[in-house]
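Per the working numbering, residue 1 is the first one in the sequence shown, and the count goes up by one each step.
Hints listed in this document are in silico derivations from the structure and should not be mistaken for laboratory results. Just so it is clear, CB atoms sit at the ideal spot from N, CA and C, and this is done for glycine as well. Treat the hints loosely; a few may be bogus.
Stated by the list, open to error - Label pairs and their computed distance ranges (CB to CB):
1) Arg25 with Ala73: 25 to 35 Å
2) Tyr51 with Ile13: 16 to 26 Å
3) Leu34 with Ile13: 27 to 37 Å
4) Val59 with Arg25: 17 to 27 Å
5) Lys21 with Ser64: 10 to 20 Å
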Amino acid sequence: MSVRPSKMILQDINRFDVLLKKSYRSKAELAEALGICYSSVTHLNSVGVGYGIADRVAVALRSSVDELFIKKA
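Model the full structure from these sequences, guided by the hints.
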């Protein structure tokens, strides 16, 4: 059984932005599509989010959580 990290942050904001522009027009649109609060999307590279949100974001952007996120130290 693997332990999921409690907080995840983006590895590369530029990669995230490229994937976001391919699928959604804005962070607000992504947040609405996922049913999460906008602040969760705007803080992906600083405050971080839980593993579940990180996984949902990665799937929505047609990526994997391991490619987009790392465990927050």
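| What hint numbers does the structure not satisfy? | Those not satisfied come down to hint 3.
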